[in-house]
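As they're listed, the protein sequences go chains B and Z. All the letters of the first sequence, read from the start, carry residue numbers 15 to 281 under my numbering. All the letters of the second sequence, read from the start, carry residue numbers 172 to 443 under my numbering.
Each hint should be verified, as a subset may be incorrect.
Here are the simulated SDA-like pairs of lysine to any residue, each with C-alpha atoms no more than 20 Å apart in a straight line [what the hints assert, rightly or not]: (1) B:LYS122 / Z:LYS322; (2) Z:LYS220 / Z:ARG431; (3) B:LYS122 / Z:LEU254; (4) B:LYS150 / Z:PHE434; (5) B:LYS150 / Z:LYS322; (6) Z:LYS354 / Z:LEU254; (7) Z:LYS354 / B:ARG106; (8) B:LYS95 / Z:ARG441; (9) B:LYS82 / Z:ARG336; (10) Z:LYS427 / Z:LEU265; (11) B:LYS95 / Z:ALA440; (12) B:LYS150 / Z:ARG431; (13) B:LYS95 / Z:ALA438; (14) Z:LYS322 / B:THR103; (15) Z:LYS354 / B:ILE189; (16) Z:LYS354 / B:LEU119; (17) B:LYS95 / B:ILE189; (18) Z:LYS322 / Z:GLU224; (19) B:LYS172 / Z:ILE408; (20) Z:LYS354 / B:THR103; (21) Z:LYS354 / B:LYS82; (22) Z:LYS432 / B:THR30; (23) Z:LYS214 / Z:PHE434; (24) Z:LYS432 / B:LYS82; (25) Z:LYS354 / B:PRO100.
These aren't lab readings, by the way, just hints derived from the structure by calculation.
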Amino acid sequence: MTSIVFSKVWKEYGDTVVLERIDLEIASRSFVALVGPSGCGKTTFLRMLLGDEVPTRGEILLDGQSLKPEPDSDRGVVFQKYSVFPHLTVLRNVMLGPEFEQSPLFGKLSSGAHYSARTDALALLDEVGLTGQENKYPAQLSGGMQQRLALAQALMRKPKILLLDEPFGALDPGIRADIHGLMRRIWNTCDLTVVMVTHDLSEAFRLATRVIAFERIRDRPEEQERFGATLSGDLQPIQGSTITRDIEIFPRRIAGALNDAVSAPAA
Amino acid sequence: MRAINIKPDMTMRIALACLPFLLLLLAYIVGSEARLADNPNDKLLPSFKSMGEALSQYALTADARTGLYLMWSDTAASLGRLLPALVISTAIALVLGVTVGMLPVAGATLGPVIAVLSMVPPLALLPILFIVMGLGEASKITLIVIGTALKLTRDLALRVQEIPREQMIKAQSLGASSWQIAKRIVIPQMLPRMIDAVRLEIGPAWLFLIAAEAITADSGLGYRIFLVRRYLSMDVIIPYVFWITLLAFLMDLALKVLQRKAFPWFAAARSI
Numbered sequence: 015m016t017s018i019v020f021s022k023v024w025k026e027y028g029d030t031v032v033l034e035r036i037d038l039e040i041a042s043r044s045f046v047a048l049v050g051p052s053g054c055g056k057t058t059f060l061r062m063l064l065g066d067e068v069p070t071r072g073e074i075l076l077d078g079q080s081l082k083p084e085p086d087s088d089r090g091v092v093f094q095k096y097s098v099f100p101h102l103t104v105l106r107n108v109m110l111g112p113e114f115e116q117s118p119l120f121g122k123l124s125s126g127a128h129y130s131a132r133t134d135a136l137a138l139l140d141e142v143g144l145t146g147q148e149n150k151y152p153a154q155l156s157g158g159m160q161q162r163l164a165l166a167q168a169l170m171r172k173p174k175i176l177l178l179d180e181p182f183g184a185l186d187p188g189i190r191a192d193i194h195g196l197m198r199r200i201w202n203t204c205d206l207t208v209v210m211v212t213h214d215l216s217e218a219f220r221l222a223t224r225v226i227a228f229e230r231i232r233d234r235p236e237e238q239e240r241f242g243a244t245l246s247g248d249l250q251p252i253q254g255s256t257i258t259r260d261i262e263i264f265p266r267r268i269a270g271a272l273n274d275a276v277s278a279p280a281a
Numbered sequence: 172m173r174a175i176n177i178k179p180d181m182t183m184r185i186a187l188a189c190l191p192f193l194l195l196l197l198a199y200i201v202g203s204e205a206r207l208a209d210n211p212n213d214k215l216l217p218s219f220k221s222m223g224e225a226l227s228q229y230a231l232t233a234d235a236r237t238g239l240y241l242m243w244s245d246t247a248a249s250l251g252r253l254l255p256a257l258v259i260s261t262a263i264a265l266v267l268g269v270t271v272g273m274l275p276v277a278g279a280t281l282g283p284v285i286a287v288l289s290m291v292p293p294l295a296l297l298p299i300l301f302i303v304m305g306l307g308e309a310s311k312i313t314l315i316v317i318g319t320a321l322k323l324t325r326d327l328a329l330r331v332q333e334i335p336r337e338q339m340i341k342a343q344s345l346g347a348s349s350w351q352i353a354k355r356i357v358i359p360q361m362l363p364r365m366i367d368a369v370r371l372e373i374g375p376a377w378l379f380l381i382a383a384e385a386i387t388a389d390s391g392l393g394y395r396i397f398l399v400r401r402y403l404s405m406d407v408i409i410p411y412v413f414w415i416t417l418l419a420f421l422m423d424l425a426l427k428v429l430q431r432k433a434f435p436w437f438a439a440a441r442s443i
C-alpha cells in the first residue's frame, strides 16, 4: 500500500520555473504514465519522486510521510540508459540488491544467504526471460535484454514504487511490444505502484491506468521563462472520463496505436 | 581511393610498424660508419661492435672492484625505487581520487589544494627532499611519488565523476550506502581506468627517477649513464638508454595485458 501525494509542488532553477503548482494524488498500485513534450518537466517530476531533486516549494508525501531527500530502496528505478552496472555479470547485477541489504560492510554474503539470493535472482531472471545469459556482461546483451535486466535488478530489492524514465524509448518496436507484456505482468503480480515517464503516447495508453499530461500553458516566450509547466488534467481513458481536450494538445505520434488498450478517446 | 579509406592488413601493419625503426637504425649505422672512417677513435657514434663489448662488460662480467654485474645491479636498484614509488602513488591516488570524486565535501575541501599542489614542479622540490630526507632511497622514492600521485589523483577524481549519475542513483535505490557504492560500484570500475592512467605516468616516473639518480646515488641506471658521461662513453650510454626504454615499454605492455585479462568487461563497456 503506497500512495503518493504531491502537495503544491514547485520546481525552479534560478529564474526558470520548471514545474508549477503540482497537486496530485496517486493511489496505491496504480500505473501512472507521465506524458508531455520535451522539456516540460516530466523527468524533473520523476527525479523529485526519486529524491534526486528536491522541490523548491511544496511537499511530496509517501503514505503520509514526507519523502526522504535522497534515493532509497523504497523506490526502484529503471532509466533509458546506464541502469545496469557494466562491470558485473547479469547474475551479479541482480544479486547486488540483496548483497547491499545483508552485508553492509563487505558487500559479500555468507554461503547460505548467497545461495538463497542466487536462487531468487535466477528465478527472477527466468521471469524476465534472461535464462542462459547469467554469466554475460551487460555490454554483451541487446538493448532490450539490458532493460529486462535493469527491471529484474530493481525488482530484486522489492521496492514499493517503481519509477521508469523512458525505459523502452530506445528499443525497436517489436522488442518494445514484448517488454510491454513483461511490464504489464510485473505490475499485475508485484505489489507495486508504477510511475513511468514516456514520450510515447501509445505506450502510455497501452500500459497505464492513468495518463497524466504535463504542458506549459503559457505560450509567449517571455512567459515561458517565468512560468513552468503544470498539470493539465488527469486522463483516465479506461474509465472513459473526458479527455479529448488534452489529446488535441498532444498529437499522437503513431496512428491507430491506441486501438487495443482504449478505443473511446482515440476519436 | 581516398587516403582515409586505405586500411593496411595485418602483414602490412607489421611491416609499416617496423619501417621507422629500420630507418632509424640505418641512419645510425650510416652516420657511425662515416664518423669512424674519418676518425677510428671517435666516441660520439660508437659502432655496434664496441657497444656490444661495453654491454658484455657491464652485463656479463663481474665488476673487478665490487664483484657485481653492474647492469643488473643498476637495474635492480632503479626498479627497486621506481616500482615501490608507483605502487605507493597508485594507492594514494585510488584512495584520494575516489574520495574527492565521490564526496562533494571532500571535493570542496581537497580539490583546490590538490589542483594547486599538482602544479608545483616536482624537480624543484628535489633539493628540499634531499635536505629533509637525506640522500638515501627515501628521497628518490618520494620525488617519484610526488611527481605522479597528484596527477593520478586528479585524473581518477575526474573519471569517478564521469560515472553516469544514473548508476549512482540506481545503486542508492538498491539500498547501497556510500561505502558500499565505493566498494562495489566505483572502485571496481576505476581499477581498469587506473591502469590507463598509470601507463601514462610511467614516462614521468622514469624522468624523476633518472633525475634523482643523476644528482646523487651509488647505483642505478640513471646514476651509471651520468657517471660514464664524464668519459664520453657513448658505447655504454646508448645501450643503457635502449635498455631503459625497453623496460618502460615492457611495463606499459604488462599493464595493458593486465587490464585486458583482469577486466574482461572493460573493453566493451568503454566503447559504448
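Here is how each hint holds up against the structure:
This hinted pair does not check out: B:LYS122 and Z:LYS322 have alpha carbons roughly 33 Å apart, beyond 20 Å. Between the alpha carbons of Z:LYS220 and Z:ARG431 the distance comes to roughly 40 Å, so the proposed pair goes past 20 Å and is violated. Annotation: proposed proximity of B:LYS122 to Z:LEU254 is violated, straight-line Cα distance about 32 Å (limit 20 Å). For the hint pairing B:LYS150 with Z:PHE434, the CA-to-CA distance comes to about 13 Å; that is within 20 Å, so the pair holds.
Proposed proximity of B:LYS150 and Z:LYS322 is contradicted: the alpha carbons are some 35 Å apart, above 20 Å. Distance restraint check for Z:LYS354 and Z:LEU254: the Cα-Cα separation of roughly 25 Å exceeds the 20 Å cut-off, and the hinted pair is therefore not satisfied. At roughly 14 Å between alpha-carbon atoms, Z:LYS354 and B:ARG106 fall within 20 Å of each other, so this suggested pair holds. The straight-line distance between the Cα atoms of B:LYS95 and Z:ARG441 is roughly 14 Å, inside the 20 Å bound, and the hint therefore holds.
For the given pair, B:LYS82 sits about 18 Å from Z:ARG336 by alpha-carbon distance, which is consistent with the 20 Å threshold. The suggested pairing of Z:LYS427 with Z:LEU265 holds, with an alpha-carbon distance near 18 Å, which does not exceed 20 Å. Distance check on the hinted pair: B:LYS95 and Z:ALA440 sit about 13 Å apart at the alpha-carbon level, within 20 Å; holds. Restraint check: the Cα-Cα separation between B:LYS150 and Z:ARG431 comes to about 16 Å, which is no more than 20 Å; the hinted pair holds.
This hinted pair checks out: B:LYS95 and Z:ALA438 have alpha carbons roughly 18 Å apart, not beyond 20 Å. For the given pair, Z:LYS322 sits about 32 Å from B:THR103 by alpha-carbon distance, which is inconsistent with the 20 Å threshold. For the given pair, Z:LYS354 sits about 35 Å from B:ILE189 by alpha-carbon distance, which is inconsistent with the 20 Å threshold. Note on Z:LYS354 and B:LEU119: the hinted pairing holds, with a Cα-Cα distance of about 9 Å set against a maximum of 20 Å.
For the given pair, B:LYS95 sits about 16 Å from B:ILE189 by alpha-carbon distance, which is consistent with the 20 Å threshold. Proposed proximity of Z:LYS322 and Z:GLU224 is contradicted: the alpha carbons are some 41 Å apart, above 20 Å. Using a Cα cut-off of 20 Å, the hinted pair B:LYS172 and Z:ILE408 is violated, with the two alpha carbons roughly 68 Å apart. A C-alpha spacing of about 16 Å is found between Z:LYS354 and B:THR103, which places the hinted pair at or below 20 Å, so the restraint holds.
For the hint linking Z:LYS354 to B:LYS82, the alpha-carbon distance of about 24 Å lies beyond 20 Å, and the restraint is violated. About 50 Å separates the Cα atoms of Z:LYS432 and B:THR30, which puts this hinted pair outside 20 Å; it is violated. At most 20 Å may separate the alpha-carbon atoms for a hinted pair to count; Z:LYS214 and Z:PHE434 exceed this at roughly 49 Å. Between Z:LYS432 and B:LYS82 the alpha-carbon distance is near 42 Å, which puts this suggested pair outside the 20 Å criterion.
Of the pairs offered as hints, the one joining Z:LYS354 and B:PRO100 holds, with about 15 Å between alpha carbons and a cut-off of 20 Å not exceeded.
Hints 1, 2, 3, 5, 6, 14, 15, 18, 19, 21, 22, 23 and 24, counting from the list given before, are not met by this structure.
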